[in-house]
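S.K.: For reference, the chains in residue letters:
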Amino acid sequence: MHADPIGVLTGAHFIDGDHACSEGAIAAGCRFVAGYPITPSTEVVERIADRFPFVGGVFIQMEDEIASSIAIQGAVWGGKKAMTVTSGPGFSLMMEHIGFAAMTETPCVFVDVQRAGPSTGLPTMPAQGDMMQARWGSHGDYQIIAIAPNSPQECFDLTIHAFNLSERYRVPVMMMMDECVGHMIERVVIPEAEKIEVHNRKVYEGPKENYLAFEAGRDLVPTMVKAGDGYKIHVTGLTHDEKGYPNMSVATQAKLVQRLMDKIRLNADDIIKYEEENVEGADIVVVTFGITSRTAIPAIEQARAKGLKVGHLRLIVCWPFPEKRIRELAGRVKAIVMPELNMGQMVYEVERCAAGKCNVVSVPHAGGTVHQPKDILAAIEKSIRGK
Amino acid sequence: MPEELYEIEANIPANPIEEYLRMDRMPHIWCPGCGIGTTVNCFVRALQTSGLDLDKVAVVSGIGCTGRVAGYMNLDSFHTTHGRAIPFATGLKLANPELKVVVYSGDGDLTAIGGNHFIHAARRNMDITVILINNMIYGMTGGQVAPTTPVGATASTTPHGNFEETFNLPFLAESCGAVYVARWTAHHVRHLTKSIKEALAKKGFSFIEILAPCPTLYSRRNKLGDGLDQMEFYRDHSQIKNGADTKSVAIDFQGDIVVGKFVDKERPTYLEAMNNHYQKKYGDRYVPSEEMRKVFHA
Amino acid sequence: MPRTEIKIGGFGGQGVILSGYILGRAASIFDHKNATMIQAFGPEARGSATSAQLIISDEPITYPYIVAPNVMVLMSQEAYSKFSPELAPGGMLLTEEDLVATHNLRSDVKHYSIPATRFAEELGKRLVLNIVMLGFATAITNIVGREAARNAVKVSVPKGTEELNFAAFEKGYEYGLKLLKGEPEKVMA
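Residue numbers (the numbering used here), protein chains in the order written: chain A, 48 to 434; chain B, 297 to 594; chain C, 49 to 237.
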């Protein structure tokens, strides 16, 4: 199915990543957004607030991020596609509702335009310090999907992708932007509506009696209905059975949590998305995501000019993590170098998958700006020295 | 079990409210003497005569004893997170204005952890009905002090007595802009049923506070007897004062309780304000959602 | 065109960001080059010296920030003091003649200036100073074509002010061409 043309601004635009994210959401069919002002993400909701009255959408500025992150879920059960948008401190406030969305299998998108933390940190400057929070921030065991764009164009394209994955797997999807990408202005080409692929949740239309709202088929993703359809559904954050009824048993917990994990894990090959360049035959692979994928390129080029065999793997989907691919690479390269705008987060995943088979070098950065290519170059050179 | 007992059970006529409940979830978790079930009965009887299409009524609860109401109603029902029933209901209503969205939750849930949402939904005149069960205590977690615990009462976290000022909820709701404000007790079943029916028919933010006994944690700890004693107290110490100034209806420990309908007024609801604003400003350029069009632009 | 870094500086209210945006839009949308613009955000952006950073290139732009600007367009003394030392060796400096005194300018820098405020005032709107500077920069640097720049001006300025802005652009552009007549070649061609 393709995008509703009413929301699609086909053409070439010179806009920032935040605005491109808004346009991506509209093209994806998002028609409810709740948010609370916070730098550097506010431009996303500002544009949504400006555009929504003309495309059949409702935007509401809620009283805080906690309210925003649950209002969107009310809207989803009212039949809409919905998202909320925030940055560091606001993202912290939303954590409980990421768990609620995971538990109730409410498809929705959380946009986090990352800024340097902890706490108030550097509100107007970039970081990638929320990557582990995106994965693990809510209590208990669950799975989410997280995506990291590296340009305004990708803020558009991948926001659509985020909604599509969210609808497909009924899972909260984190759009992990950062201040640099969010405020960077570049050309964004918006295709014609019929060229934009849009997925919608599987809707149940069978008999109303004995409808099992949380019974999943082989793909482990249940069908969905909305409030008002006459199915008299019950949705709870408590451990629940297929009917959606609370059930405080160990067996129900085991079955439910296992399925919530498996619907992402077992479909990981379809969800995982990365780009590689010069990885075949490389001695060193630089693994990046988001804005860091761009700052690493000059370093990789300089290293290759010096004769080093350096490849580049860029995570587009960060969670689930491409474990298999990193394991494979670790078995045949000398080193993996991972620059990220945090003090070392995704690199733990790399280390876990490499399991000692190759040298893993973190290039940490506390945030506030992006890496200097020379620092990444130095790490690349150091990574195989003495090996 | 002897054969004849089966016979007797089979001959018990169905309770007329059964079809409104998820009977496959009974028995419920509420304690003997708890007032919540009584209020649910009133809610159902209000629904019965409300003329509402029950396929279009949704109940949203937070967490706590009252938070379990959503799970027992045979309606679209949402048992959300602690304190967040109102913002969830806000999203639900804005997504589909055809729905009658009822928030049914407790005093701690709605006015402590959820207090911020309560005041803003009232300010916006959000199109929802809020039914708040005030048992003056956190029941589910074992009897801790709430913003609604009267001064002088004890709770597990105020073992030496509560000295914090108590929320006067009707005053709070009115101050923030609620268009319908009433207070009843679990004893006033007829008044309450009528009041819920009125609140359901009301556009905008309607609010009913219902005092209900928590014999297990509040009454016992405060040596007030059991559920029946509390109901008798409500009977003997309630004064019906419709139209009373909400400033004057604060609750004291075992003092008289002013009940009644305090506020019933009109002002534009959130949805009306939004639709009128855009319609006026942009005319045909304004594109309301399909659901919005059905309700506001028919 | 190889990666070219441009910094536009001035004080708040001069339309610094808008002129950077128009230049980037001209390059990106109308000249089909790659352009990346970074805005200075935060309290510092509201204070005195504010700047727009722009990179224009035929190649994909990887590193998004400017390192050493090849071109600088400065419209205030403070911006000059603060930013001009960052200029790349042999870089080009364009200044507003009456607002910037180019003290201690490095000898490797190619410097051009224009009384843009006066021109803007002659056109009846001091506000279009930034568009005069833009026309001037377009003529001197040739980073973007005249038509691309005019198209970008047209779609970026408030409706109803297009003619005034075109006049401002042309004023700056013509002045730039005249200045260049004394020059053997366009430096950034």
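By construction, these hints were calculated from the structure, which means they are not laboratory data. Hints may contain errors.
Unchecked claim - Within a straight-line C-alpha distance of at most 27 Å, the following computed DSSO-like cross-link-like pairs (lysine-lysine) qualify: (1) Lys207/C - Lys577/B; (2) Lys352/B - Lys255/A; (3) Lys320/A - Lys255/A.
Said to hold, decoys possible - What follows is a list of derived Cβ distance ranges for each label pair: (4) Pro312/B - Glu289/A: 43 to 51 Å; (5) Phe459/B - Phe101/A: 32 to 40 Å; (6) Met322/B - Val250/A: 24 to 32 Å.
For glycine and all other residues, C-beta sits at the position ideal for the given N, C-alpha and C.
S.K.: State for each hint whether it applies.
M.R.: Going down the list of hints, with the structure as the test:
{"no.": "1", "hint": "Lys207/C - Lys577/B", "in the structure": "holds (20 Å)"}
{"no.": "2", "hint": "Lys352/B - Lys255/A", "in the structure": "holds (15 Å)"}
{"no.": "3", "hint": "Lys320/A - Lys255/A", "in the structure": "violated (38 Å)"}
{"no.": "4", "hint": "Pro312/B - Glu289/A: 43 to 51 Å", "in the structure": "violated (30 Å)"}
{"no.": "5", "hint": "Phe459/B - Phe101/A: 32 to 40 Å", "in the structure": "violated (54 Å)"}
{"no.": "6", "hint": "Met322/B - Val250/A: 24 to 32 Å", "in the structure": "holds (30 Å)"}
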